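Asks: The lines below spell out each chain.
There are 2 protein chains.
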Amino acid sequence: MPDLAQTQGRRIALIAGNGSLPCQIADALSGSGRDFRIIAIKGEADEQTRNRASTELGWGEIGRLYKFLKKTGCQDVLLIGGVSKRPDFTSILGDFGTLKRLPTIIRALAGGDDSLLTKVIRLFEDEGYRVVGIRDVAPQLLASSGVLGKMQPKTDDWRDLELALKATQKLGELDIGQAAIAVGGRVVALEGAEGTDAMIERCADLKRVGRIRSKGRAGVLVKAAKPDQDLRVDLPTVGPRTIELAVSAGLAGIAIEAHGALIAEKEETLQRADSAGLFVVGVEKPSDEGAADG
Amino acid sequence: MPDLAQTQGRRIALIAGNGSLPCQIADALSGSGRDFRIIAIKGEADEQTRNRASTELGWGEIGRLYKFLKKTGCQDVLLIGGVSKRPDFTSILGDFGTLKRLPTIIRALAGGDDSLLTKVIRLFEDEGYRVVGIRDVAPQLLASSGVLGKMQPKTDDWRDLELALKATQKLGELDIGQAAIAVGGRVVALEGAEGTDAMIERCADLKRVGRIRSKGRAGVLVKAAKPDQDLRVDLPTVGPRTIELAVSAGLAGIAIEAHGALIAEKEETLQRADSAGLFVVGVEKPSDEGAADG
Numbered sequence: 000m001p002d003l004a005q006t007q008g009r010r011i012a013l014i015a016g017n018g019s020l021p022c023q024i025a026d027a028l029s030g031s032g033r034d035f036r037i038i039a040i041k042g043e044a045d046e047q048t049r050n051r052a053s054t055e056l057g058w059g060e061i062g063r064l065y066k067f068l069k070k071t072g073c074q075d076v077l078l079i080g081g082v083s084k085r086p087d088f089t090s091i092l093g094d095f096g097t098l099k100r101l102p103t104i105i106r107a108l109a110g111g112d113d114s115l116l117t118k119v120i121r122l123f124e125d126e127g128y129r130v131v132g133i134r135d136v137a138p139q140l141l142a143s144s145g146v147l148g149k150m151q152p153k154t155d156d157w158r159d160l161e162l163a164l165k166a167t168q169k170l171g172e173l174d175i176g177q178a179a180i181a182v183g184g185r186v187v188a189l190e191g192a193e194g195t196d197a198m199i200e201r202c203a204d205l206k207r208v209g210r211i212r213s214k215g216r217a218g219v220l221v222k223a224a225k226p227d228q229d230l231r232v233d234l235p236t237v238g239p240r241t242i243e244l245a246v247s248a249g250l251a252g253i254a255i256e257a258h259g260a261l262i263a264e265k266e267e268t269l270q271r272a273d274s275a276g277l278f279v280v281g282v283e284k285p286s287d288e289g290a291a292d293g
Numbered sequence: 000m001p002d003l004a005q006t007q008g009r010r011i012a013l014i015a016g017n018g019s020l021p022c023q024i025a026d027a028l029s030g031s032g033r034d035f036r037i038i039a040i041k042g043e044a045d046e047q048t049r050n051r052a053s054t055e056l057g058w059g060e061i062g063r064l065y066k067f068l069k070k071t072g073c074q075d076v077l078l079i080g081g082v083s084k085r086p087d088f089t090s091i092l093g094d095f096g097t098l099k100r101l102p103t104i105i106r107a108l109a110g111g112d113d114s115l116l117t118k119v120i121r122l123f124e125d126e127g128y129r130v131v132g133i134r135d136v137a138p139q140l141l142a143s144s145g146v147l148g149k150m151q152p153k154t155d156d157w158r159d160l161e162l163a164l165k166a167t168q169k170l171g172e173l174d175i176g177q178a179a180i181a182v183g184g185r186v187v188a189l190e191g192a193e194g195t196d197a198m199i200e201r202c203a204d205l206k207r208v209g210r211i212r213s214k215g216r217a218g219v220l221v222k223a224a225k226p227d228q229d230l231r232v233d234l235p236t237v238g239p240r241t242i243e244l245a246v247s248a249g250l251a252g253i254a255i256e257a258h259g260a261l262i263a264e265k266e267e268t269l270q271r272a273d274s275a276g277l278f279v280v281g282v283e284k285p286s287d288e289g290a291a292d293g
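If you read the protein sequences in the order shown, they are chains S and R.
For what it's worth, numbering that gives the first Met the number 0 labels the leading residue of the first sequence as 0, then goes sequentially.
For what it's worth, numbering that gives the first Met the number 0 labels the leading residue of the second sequence as 0, then goes sequentially.
Bear in mind the hints are in silico, worked out from the structure with no lab data behind them.
Keep in mind the model is a prediction, meaning the values are calculated, not measured.
One thing to keep in mind: the hints can contain errors.
It does not matter which identical chain is meant; a pair holds if it fits inside one copy or across any two.
Unchecked claim - 25 Å max Cα-Cα, derived DSS-like pairs, lysine-lysine:
| no. | residue 1 | residue 2 |
| --- | --- | --- |
| 1 | 118 | 214 |
| 2 | 214 | 265 |
| 3 | 284 | 165 |
| 4 | 265 | 153 |
| 5 | 66 | 41 |
| 6 | 265 | 284 |
| 7 | 149 | 214 |
| 8 | 69 | 41 |
| 9 | 265 | 66 |
| 10 | 165 | 225 |
| 11 | 69 | 153 |
| 12 | 214 | 41 |
| 13 | 70 | 265 |
| 14 | 284 | 41 |
| 15 | 118 | 153 |
| 16 | 165 | 69 |
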């Protein structure tokens, strides 16, 4: 992954999907005097993002995208924001630059889903661009270590946090999910293909029907990156919706990997957690030795 | 755990909950010339079981239970079949023998859910009885190794099987769940507090909405015991319902731990699997060394 120091002085292209994150990144880059251009993804980028974008391009306009990158002198590429609609082949059959690269693109996109983003990275790198991540250009947006909101975890919460953290590490070793929930000294839910939100909802359901028992608010959601996760394009993220779900599941708090996870809409997220009495903690990933003993 | 050889010549008390398993065990014990008595749990045991039972006792009749064990000379106890209703304190406040032991029982039942059965075992052991499991008295009912039905796994299925098996081992190390599903070279679901059935249903839902993609029937459910699981009372089990759910989730097959898991209603279960084109495999648990390398 690129060295932070080497990103100074290079113009960054923000290829922006949905959500408020692209604008937050733009603010952070502006704040640190970085030079950048925003390319809004058609049908994905929010209005706010589109208003700040230099251009707007659809999936089939890869030729135009590369032309834009060349014309504007962007050397680094940052892929940021959500993508709600996976591009299908019809939308990819676009301009000449796309068609020219189609064999490469098809080769790259074939295969397992989970490495799709890694393959997209390679597509840019093959054209001589460098793909950077939030960690490289705006590390201040990542979760810091320690208690981040107003609430403090209690003794039982720390125990649940440790357990769920250990579970996410095991999950990570198998390249499965990023998140786990422990309640009352027991890991009760592990993230698979359903994603973090659905996993928290399941936990809420299990509490409702009494398959997870707890007195009052109890349990901790931990979200951490997988060991081999490419944090340039796939950063573990929590946001206001995560807090909302954690509250409805009756959890005591959430913990995310310090320096390796993002709190989207940080202010609002922490405010919601505070007012709901939920703690938010940034945890350092234990070293392998630390993880080995029980 | 008791040595199999030492169970010969001892009279066994089958304390029987619901399902057809108690009768299957009874048949197996009869077949091998074992001496036993059936005690049906009131409100739980099936009619078939009740018809063969020497007595029927409710949760509050622990005094009567011990009297029965003493009178009939039972030395070993086998807890078998499901319990749909957890006993509450009202139903426990029963006969004098129960009341006398109440402080011990309450002490034993307090604490985490998952070790409840271990605590029940201790209650029997404290009175001088030995708790045995299916492995000890009817090992022929456990899954054997190899392909058990008519369908054979294909190359991709073996890969998914390996992946899901590895995942159950990681789960087991953390004492979480017994089951995992891999589809298309990726672990997509891990069992937590929701149980195996709910996990398979989740997998079906994720396939329906396209979060798990597969061509035709694909994916393998693996169910294996946790390393510290007390197989006397908590044997991983699959049955006709498991097959039904696996079919509706579009899985290619299921694998269970050979010698460490049970196929309930074996004939019907395998028949259903065969007619649905689902494979059923008994897998040996890999040794730790085998599990370490990827």
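Asks: Are the hints correct? Go through all of them and say.
Replies: Going down the list of hints, with the structure as the test:
{"no.": "1", "hint": "118 / 214", "result": "between (46 Å within a copy, 22 Å between copies)"}
{"no.": "2", "hint": "214 / 265", "result": "neither (29 Å within a copy, 40 Å between copies)"}
{"no.": "3", "hint": "284 / 165", "result": "both (9 Å within a copy, 23 Å between copies)"}
{"no.": "4", "hint": "265 / 153", "result": "within (23 Å within a copy, 48 Å between copies)"}
{"no.": "5", "hint": "66 / 41", "result": "within (17 Å within a copy, 77 Å between copies)"}
{"no.": "6", "hint": "265 / 284", "result": "within (21 Å within a copy, 46 Å between copies)"}
{"no.": "7", "hint": "149 / 214", "result": "within (22 Å within a copy, 49 Å between copies)"}
{"no.": "8", "hint": "69 / 41", "result": "within (20 Å within a copy, 79 Å between copies)"}
{"no.": "9", "hint": "265 / 66", "result": "neither (35 Å within a copy, 65 Å between copies)"}
{"no.": "10", "hint": "165 / 225", "result": "both (12 Å within a copy, 17 Å between copies)"}
{"no.": "11", "hint": "69 / 153", "result": "neither (54 Å within a copy, 48 Å between copies)"}
{"no.": "12", "hint": "214 / 41", "result": "neither (48 Å within a copy, 30 Å between copies)"}
{"no.": "13", "hint": "70 / 265", "result": "neither (34 Å within a copy, 69 Å between copies)"}
{"no.": "14", "hint": "284 / 41", "result": "neither (37 Å within a copy, 50 Å between copies)"}
{"no.": "15", "hint": "118 / 153", "result": "neither (43 Å within a copy, 28 Å between copies)"}
{"no.": "16", "hint": "165 / 69", "result": "neither (45 Å within a copy, 47 Å between copies)"}
Going through the hint list in order, the structure does not satisfy hints 2, 9, 11, 12, 13, 14, 15 and 16.
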